[in-house]
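Next come the chains, spelled out residue by residue.
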Amino acid sequence: MLNHTLNPPTAPRRVVVLGGSGFVGSRLVARLQAVGVDTLALSSKDIDLAAPEAVSALARVVRNDDALVFASCLTPEKGGDPRTFMRNLSMAEHVGLFVESHGCAHVVYIGSDAIFKDDVTLVTEDSEQQPSALYGLAHVAREKMITYACGKAGTPLAILRPCAIYGDGDTHNSYGPNRFLTSARADGKITLFGGGEETRDHIFVNDLCAVIEASLSSRSIGTLNVATGRALSFAQVADSVAAAMGTPVQIVPTARKNPVTHRHFDTAAVIKAFPSLAFRSLDEGLRSYVTQPA
Amino acid sequence: MIGFAGLSHLGIVTSTAIASKGFDVIAYDGRPGVAEALASGQLPILEPGLPELLSSSQSRMTFTSDPAALAQADLIYLSLDVATDADNGSDLSALQQVIDDVVPHAKRGAVLVVLSQVPPGFTRRLATKFVALLDEKGIVLYGQVETLIFGAAVERATKPERYIVGSSQPAAELAPVFAKVLGAFGCPVLVMRYESAELAKISINVFLAASLSATNTMAELCEGVGADWSEIAPTLRLDRRIGPHAYLVPGLGIAGGNIERDLVTMKSLAAEFGAEDCVPRAFIDHSRSRRDWALRQLHRQVLSRHPGALIAVWGLAYKVNTKSVKNSPTLALLDGLPGVAVQLYDPSATLGPGYPTATQVASPLAACQGAHALVIMTAWDEFANIPLASVTAALAAPVVIDPAGSWRARAVTAASLQYSTLGRPPGAI
Numbered sequence: 001m002l003n004h005t006l007n008p009p010t011a012p013r014r015v016v017v018l019g020g021s022g023f024v025g026s027r028l029v030a031r032l033q034a035v036g037v038d039t040l041a042l043s044s045k046d047i048d049l050a051a052p053e054a055v056s057a058l059a060r061v062v063r064n065d066d067a068l069v070f071a072s073c074l075t076p077e078k079g080g081d082p083r084t085f086m087r088n089l090s091m092a093e094h095v096g097l098f099v100e101s102h103g104c105a106h107v108v109y110i111g112s113d114a115i116f117k118d119d120v121t122l123v124t125e126d127s128e129q130q131p132s133a134l135y136g137l138a139h140v141a142r143e144k145m146i147t148y149a150c151g152k153a154g155t156p157l158a159i160l161r162p163c164a165i166y167g168d169g170d171t172h173n174s175y176g177p178n179r180f181l182t183s184a185r186a187d188g189k190i191t192l193f194g195g196g197e198e199t200r201d202h203i204f205v206n207d208l209c210a211v212i213e214a215s216l217s218s219r220s221i222g223t224l225n226v227a228t229g230r231a232l233s234f235a236q237v238a239d240s241v242a243a244a245m246g247t248p249v250q251i252v253p254t255a256r257k258n259p260v261t262h263r264h265f266d267t268a269a270v271i272k273a274f275p276s277l278a279f280r281s282l283d284e285g286l287r288s289y290v291t292q293p294a
Numbered sequence: 001m002i003g004f005a006g007l008s009h010l011g012i013v014t015s016t017a018i019a020s021k022g023f024d025v026i027a028y029d030g031r032p033g034v035a036e037a038l039a040s041g042q043l044p045i046l047e048p049g050l051p052e053l054l055s056s057s058q059s060r061m062t063f064t065s066d067p068a069a070l071a072q073a074d075l076i077y078l079s080l081d082v083a084t085d086a087d088n089g090s091d092l093s094a095l096q097q098v099i100d101d102v103v104p105h106a107k108r109g110a111v112l113v114v115l116s117q118v119p120p121g122f123t124r125r126l127a128t129k130f131v132a133l134l135d136e137k138g139i140v141l142y143g144q145v146e147t148l149i150f151g152a153a154v155e156r157a158t159k160p161e162r163y164i165v166g167s168s169q170p171a172a173e174l175a176p177v178f179a180k181v182l183g184a185f186g187c188p189v190l191v192m193r194y195e196s197a198e199l200a201k202i203s204i205n206v207f208l209a210a211s212l213s214a215t216n217t218m219a220e221l222c223e224g225v226g227a228d229w230s231e232i233a234p235t236l237r238l239d240r241r242i243g244p245h246a247y248l249v250p251g252l253g254i255a256g257g258n259i260e261r262d263l264v265t266m267k268s269l270a271a272e273f274g275a276e277d278c279v280p281r282a283f284i285d286h287s288r289s290r291r292d293w294a295l296r297q298l299h300r301q302v303l304s305r306h307p308g309a310l311i312a313v314w315g316l317a318y319k320v321n322t323k324s325v326k327n328s329p330t331l332a333l334l335d336g337l338p339g340v341a342v343q344l345y346d347p348s349a350t351l352g353p354g355y356p357t358a359t360q361v362a363s364p365l366a367a368c369q370g371a372h373a374l375v376i377m378t379a380w381d382e383f384a385n386i387p388l389a390s391v392t393a394a395l396a397a398p399v400v401i402d403p404a405g406s407w408r409a410r411a412v413t414a415a416s417l418q419y420s421t422l423g424r425p426p427g428a429i
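Respectively, the protein sequence lines represent chains A and B.
Residue numbering for the first sequence follows this note's numbering, starting at 1 and increasing by one per position.
Residue numbering for the second sequence follows this note's numbering, starting at 1 and increasing by one per position.
Calculated from the structure, these hints are not laboratory results.
These numbers were taken from a predicted model, which means no experiment stands behind them.
Among chain A residues calculated to face chain B with C-beta under 8 Å, some are: (1) G229; (2) D266; (3) A268; (4) I271; (5) K272; (6) P275; (7) S276; (8) A278.
For glycine and all other residues, C-beta sits at the position ideal for the given N, C-alpha and C.
Please model the entire structure based on the sequences and the hints provided.
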């Protein structure tokens with residue numbers, strides 16, 4: 001669960017976002033700047049976090065009263081192999097070394113629900129962690145590495161684990177709203193695995209950024225799964241995408257190759273941490289950015 | 001003369017029940033003020049029928065803060081309730097102190113009975129600890145399982161279904177004074193080894209937890225599937241393998257502390273002896289998850305749309321006919337509503353400090369005044385008959401979330417209220 005160390009909530013002096021040009025990072029930067037928070041976005045073009053020089057590079061730009069959002073990660077479409085896994089760990093190693101040696105005011109680590117065992121169907125913060133892929137294993141290790149570093153430095157740490165994320169400009173092409181929208185726009189068709197029976201939770205990127213912003217302002221510490229609490233089947237997701245597009249979309253089931261699995265989130269901890277935050281439904285989220293086919 | 005050492009809920013109810021059968025009772029508690037208050041008829045606990053039972057038995061009862069007074073007793077019950085910590089683990093320290101204070105005063109030939117909720121092995125360890133004294137004075141040590149229920153303790157104490165007794169010699173006749181006390185209640189007496197009696201207590205609570213957990217899980221599925229648990233429960237009651245008295249009313253997990261304590265003990269024993277502990281873990285985890293049902297409903301239906309909403313809550317005590325708030329689901333709900341304004345009513349329990357935005361008010365309708373939702377957390381009788389029109393008129397928005405099931409049988413939709421309860425889909429009739 002998440003506890004807050006700042007009451008009333010107060011915006012940090014400055015927020016440094018590692019992964020600042022990524023899907024979540026760029027949205028977060030825009031959101032913080034819109035409310036007047038001084039923000040520094042760093043991408044791999046600015047600092048290669050996987051390189052040992054990253055520690056000194058961070059030391060040159062990150063002040064010890066900065067809040068640091070660690071959103072930088074090589075996601076599965078960039079590689080699910082051991083080399084990508086090691087690069088992800090190297091990033092955490094160097095960010096951790098920076099925090100230990102130089103410190104900052106607060107760290108918010110953006111993790112993933114990929115850490116949880118595949119057959120956990122109702123996920124809580126304490127659910128069993130047994131990722132089936134190297135990406136999830138990297139997040140398990142990175143959580144522990146950054147926890148170690150923040151513990152040594154006495155730096156407050158919040159770990160946020162979002163479920164699947166969707167929104168405008170997502171380049172990850174994960175099976176779900178983003179891929180469905182891309183393919184519907186490209187050829188008017190959405191292809192489902194089986195009949196799209198699996199249920200999953202999807203959070204709108206702007207809502208995730210609202211949670212990150214609130215965690216920064218409250219200087220939260222602890223661990224939080226970030227999800228809406230409303231899991232939909234992929235068939236329902238496809239219907240929602242089609243409805244948002246407003247033009248005919250063919251939804252095509254296929255022969256099922258894998259068993260149906262479901263994943264829901266118990267969002268009691270999110271509600272308790274931020275009772276006034278509301279998460280958009282998938283329909284609401286899609287309508288906010290889907291107009292006509294591109 | 002029957003003695004009692006430890007006058008918390010268990011000792012107060014049991015001593016009064018035994019006095020009501022005509023026995024003279026000397027009841028001891030060393031905590032300041034406890035004996036004096038009871039001597040003047042002031043009860044620190046709420047139990048239906050207890051004031052009347054105490055009043056009618058008081059002439060046979062002596063309350064004392066002097067452990068030496070127990071030297072007159074032919075039989076001494078060690079009756080202090082075992083406290084639990086925040087994780088529902090047993091804290092035996094206070095009971096150990098009572099034992100150390102009292103046992104040396106037991107007279108020659110006395111009978112000692114451990115009535116407190118002790119883990120397996122406790123009574124035999126006690127016998128070993130005091131073996132020299134017990135042998136020298138010819139004192140016999142028994143264990144006895146208590147099966148009181150908060151809110152129905154007087155009924156359970158005066159009309160027990162059976163007595164479960166632990167003995168170092170189960171085949172031997174019970175000590176005459178003990179047999180006489182138990183015999184006064186006219187129920188079967190089952191005598192077994194110490195460990196069996198201690199584990200029987202846990203077994204009872206584990207089976208109750210199984211019934212509660214199955215009910216709560218099935219009720220949760222009803223909400224998703226579109227079924228109504230209240231239609232299903234009678235089919236189970238008519239199955240003789242389950243029975244008419246099975247725990248089939250859905251609730252917000254397992255509350256109160258006693259069953260939870262025994263699940264924690266069961267988990268510890270499983271770890272200690274290398275047994276599979278997935279069963280108690282599942283019951284505990286499910287209880288924890290189910291406890292937040294009201295919070296989730298409130299967030300989904302009200303707080304996500306009105307961040308500054310005022311919430312009315314009926315019920316603070318963890319169950320009806322008690323003022324105990326230990327492990328109360330209402331406190332868990334309030335813990336999940338930091339900064340949310342709450343107007344709270346309970347006919348018996350009092351809200352402690354630590355909830356700055358919650359106000360305890362004098363009536364159910366006062367709690368509803370201007371509120372954007374009513375949450376009924378404890379099914380006190382008075383809630384069931386409050387006119388729906390009065391509630392609708394007081395509320396600012398017609399949302400009622402009723403995990404207690406207080407209004408389950410009412411025609412709530414006739415009052416145009418958005419009604420949710422356990423075991424059926426939200427809004428279902």
